[in-house]
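Fit chain R to the supplied structure of chain Y, relying on the hints for placement.
The residues making up each chain are set out below.
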Amino acid sequence: MFSKKKTFFKGVIDVLPLMIPVVPFGIIFGAIGIELGFGPYLTYLTSIIIFSGASQIVILQLLSAGASSLVAITSSSVVSTRHLLYGAVVNQYLYQLPTLWKIGLSYLLTDQAFAVSNEYFKKYKDNKYKHYHLVGSGITLWLIWQVTTIIGIILGSIVPDELGLTFTIPLTFLALLVNYLRNLDHLIVIILSGTCSILFFDAPFKSYIIISSIIALLGATILLKFKK
Amino acid sequence: MNIWVSIIIAGLINYLTRLFSVLVINPKKINGKTKQVLIFVPSAVFPAIIFPAVFFNQEGSLVEINDAKVIAISVAFIIGILSKNLVITILSGLLVFWAITFI
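Chains Y and R, in that order, give the protein sequences.
Take 114 as the starting number for the first sequence in our numbering and just add one per residue.
Take 1377 as the starting number for the second sequence in our numbering and just add one per residue.
Next comes chain Y alone, as it looks inside the complex (with noise of 0.2 Å):
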């Protein structure tokens, strides 16, 4: 039988796995934001606000680089883009939901929470408690990203640049993609995608990651055409 407490400790014991390279992402982004000189409370509080490292580090680094607000606002805002996939794709499961449910669960639906979670309710129909998955994940993603930036504020500079942390960033999104990587249709949307963000890199606004996932799914879309 499912209930509340159980689906909501699987997810934090699903997520775990994935805290091995947020733990160093949060550190690395708490460290970063005092190396450009945010101070510790706007750091600490972006991790809050915005709650999403990739799109943190976009807008500090577009910031102290001198990029003006509308700039920084609008790249950070263009890497959370994929967010409203996300949305769509965990709304099938989602949608008898009352309204003040779906407006926590949105505060919580990350990269990592969204990968999980989504693998749950695909397996898990017709558990009816089965969003407090996502708010096991989600939760202790958001307490461990808060410490971990707490811990990355403190330690500041000390974090040797040799060590290469912000290489778990990539390895990060690689793992996430692992049960993906034996199939022919997946593997040739990964090649595309990547391909592009490579050629689109120096688009404006750091759109290039909007722009790659959406001639990725279109590629898909063709790939999906061709098999029927």
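Because the hints were derived from the structure by calculation, they are not lab data.
Check each hint, because a few of them may be wrong.
What the hints assert, rightly or not - For the chain R half of the interface with chain Y, some residues (derived, Cβ under 10 Å), not all of them:
hint	residue
1	1378
2	1414
3	1416
4	1427
5	1441
6	1442
7	1459
8	1462
9	1465
10	1468
11	1470
12	1479
What the hints assert, rightly or not - Only pairs whose alpha carbons sit at most 27 Å apart, straight line, appear in this in silico DSS-like list of lysine-lysine:
hint	chain 1	residue 1	chain 2	residue 2
13	Y	215	R	1460
14	Y	119	R	1409
15	Y	235	Y	340
16	R	1411	Y	235
17	Y	215	Y	236
18	Y	340	R	1460
19	R	1411	Y	241
20	R	1409	Y	215
21	Y	235	R	1409
22	Y	340	R	1409
23	R	1409	Y	117
24	Y	238	R	1409
25	Y	340	Y	241
26	Y	236	R	1460
27	R	1411	Y	215
28	Y	338	Y	241
What the hints assert, rightly or not - Listed below are several chain Y residues computed to face chain R (Cβ distance under 10 Å; list not exhaustive):
hint	residue
29	114
30	116
31	134
32	193
33	198
34	204
35	220
36	227
37	239
38	240
39	268
40	269
Note that beta-carbon positions come from the ideal geometry of N, C-alpha and C, so glycine has one too.
Below, chain R alone, put in the same frame as chain Y:
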């Protein structure tokens, strides 16, 4: 514009993007084809974060093909296919990266 205001606006847009997709998009009106395409979302979005982080250096120029990051991500990619394990994939990439950088 004040930096605080910029962060708050960025945070609001970020949150409203998630909220909009959850509140407004009616999955009953999404047909089977759209659902099939949506399965490809991670494969379409994540590589656009992975590739530039690996193939460009901090100055924004393309790195050499024998760069530590390129070799390490290639190993992690193969290990990922073989193991299908998230933690092993990350650790393998990081260990190879450190091995090339420090040895």
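So, going through the hints one by one against the coordinates:
The beta carbon of residue 1378 (chain R) comes within 8 Å of a beta carbon in chain Y, closer than 10 Å, and the hint placing it at the interface holds. Annotation: interface hint on residue 1414 (chain R) holds; nearest CB of chain Y at approximately 5 Å, less than 10 Å. Residue-level restraint check for residue 1416 (chain R) holds (minimum Cβ-Cβ distance to chain Y is 4 Å; threshold 10 Å). Proximity of residue 1427 (chain R) to chain Y holds as hinted, the smallest CB-CB distance being about 4 Å (cut-off 10 Å).
Interface restraint check: residue 1441 (chain R) against chain Y, minimum CB-CB distance 13 Å, threshold 10 Å, status violated. Of the supplied interface hints, the one on residue 1442 (chain R) is violated, with its beta-carbon coming no nearer than about 16 Å to a beta-carbon of chain Y, more than 10 Å. Annotation: interface hint on residue 1459 (chain R) holds; nearest CB of chain Y at approximately 8 Å, less than 10 Å. For residue 1462 (chain R), the suggested interface contact is upheld, since its CB lies about 4 Å from the closest CB of chain Y, less than 10 Å.
Because the closest C-beta pair between residue 1465 (chain R) and chain Y is about 4 Å apart, less than 10 Å, the hint holds. At its closest, the beta carbon of residue 1468 (chain R) sits 9 Å from a beta carbon of chain Y; the interface hint therefore holds under the 10 Å criterion. A distance limit of 10 Å between C-beta atoms decides the matter here; for residue 1470 (chain R) the minimum to chain Y is near 6 Å, and the interface restraint holds. About 13 Å separates the beta-carbon of residue 1479 (chain R) from the nearest beta-carbon of chain Y, more than 10 Å, and the hint is not met.
Taking the CA atoms of residue 215 (chain Y) and residue 1460 (chain R), the gap is near 32 Å; set against the 27 Å cutoff, the hint is violated. For the suggested pair residue 119 (chain Y) and residue 1409 (chain R), the alpha carbons sit about 34 Å apart, so the restraint of at most 27 Å is broken. At most 27 Å may separate the alpha-carbon atoms for a hinted pair to count; residue 235 (chain Y) and residue 340 (chain Y) meet this at roughly 23 Å. A distance of roughly 12 Å separates the Cα atoms of residue 1411 (chain R) and residue 235 (chain Y); the hinted pair therefore holds under the 27 Å criterion.
Distance hint between residue 215 (chain Y) and residue 236 (chain Y) is fulfilled; the C-alpha atoms sit about 21 Å from each other, no more than 27 Å. With a CA separation close to 26 Å, the supplied pair residue 340 (chain Y) and residue 1460 (chain R) stays within the 27 Å bound. Restraint check: the Cα-Cα separation between residue 1411 (chain R) and residue 241 (chain Y) comes to about 21 Å, which is no more than 27 Å; the hinted pair holds. Taking the CA atoms of residue 1409 (chain R) and residue 215 (chain Y), the gap is near 25 Å; set against the 27 Å cutoff, the hint holds.
Proximity of residue 235 (chain Y) to residue 1409 (chain R) is assessed by CA-CA distance (about 17 Å); at most 27 Å being required, the pair is judged to hold. Proposed proximity of residue 340 (chain Y) and residue 1409 (chain R) is supported: the alpha carbons are some 12 Å apart, at most 27 Å. Annotation: proposed proximity of residue 1409 (chain R) to residue 117 (chain Y) is violated, straight-line Cα distance about 32 Å (limit 27 Å). A hinted pair counts as satisfied when its Cα atoms are at most 27 Å apart, and residue 238 (chain Y) with residue 1409 (chain R) qualifies at roughly 20 Å.
With a CA separation close to 34 Å, the supplied pair residue 340 (chain Y) and residue 241 (chain Y) exceeds the 27 Å bound. Distance restraint check for residue 236 (chain Y) and residue 1460 (chain R): the Cα-Cα separation of roughly 18 Å lies within the 27 Å cut-off, and the hinted pair is therefore satisfied. Between residue 1411 (chain R) and residue 215 (chain Y) the alpha-carbon distance is near 20 Å, which keeps this suggested pair within the 27 Å criterion. At most 27 Å may separate the alpha-carbon atoms for a hinted pair to count; residue 338 (chain Y) and residue 241 (chain Y) exceed this at roughly 34 Å.
Against a cut-off of 10 Å between C-beta atoms, the interface hint on residue 114 (chain Y) is violated, since the closest Cβ of chain R lies about 26 Å away. About 24 Å separates the beta-carbon of residue 116 (chain Y) from the nearest beta-carbon of chain R, more than 10 Å, and the hint is not met. Interface restraint check for residue 134 (chain Y): the shortest CB-CB distance to chain R comes to about 5 Å, inside 10 Å, so the restraint holds. With its C-beta approaching chain R no nearer than about 4 Å, residue 193 (chain Y) sits inside the 10 Å limit, and its interface hint holds.
For residue 198 (chain Y), the interface hint holds, the least distance from its beta-carbon to any beta-carbon of chain R being 4 Å, beneath 10 Å. A distance limit of 10 Å between C-beta atoms decides the matter here; for residue 204 (chain Y) the minimum to chain R is near 5 Å, and the interface restraint holds. The interface hint given for residue 220 (chain Y) holds, since its Cβ lies 6 Å from the closest Cβ of chain R, which is under the 10 Å cut-off. For residue 227 (chain Y), the suggested interface contact is upheld, since its CB lies about 8 Å from the closest CB of chain R, less than 10 Å.
For residue 239 (chain Y), the suggested interface contact is broken, since its CB lies about 16 Å from the closest CB of chain R, more than 10 Å. Among the interface hints, the one on residue 240 (chain Y) is violated; its C-beta lies about 17 Å from the nearest C-beta in chain R, farther than the 10 Å criterion. About 18 Å separates the beta-carbon of residue 268 (chain Y) from the nearest beta-carbon of chain R, more than 10 Å, and the hint is not met. Given the 10 Å rule on beta carbons, the hint for residue 269 (chain Y) is violated: about 19 Å separates it from the nearest Cβ of chain R.
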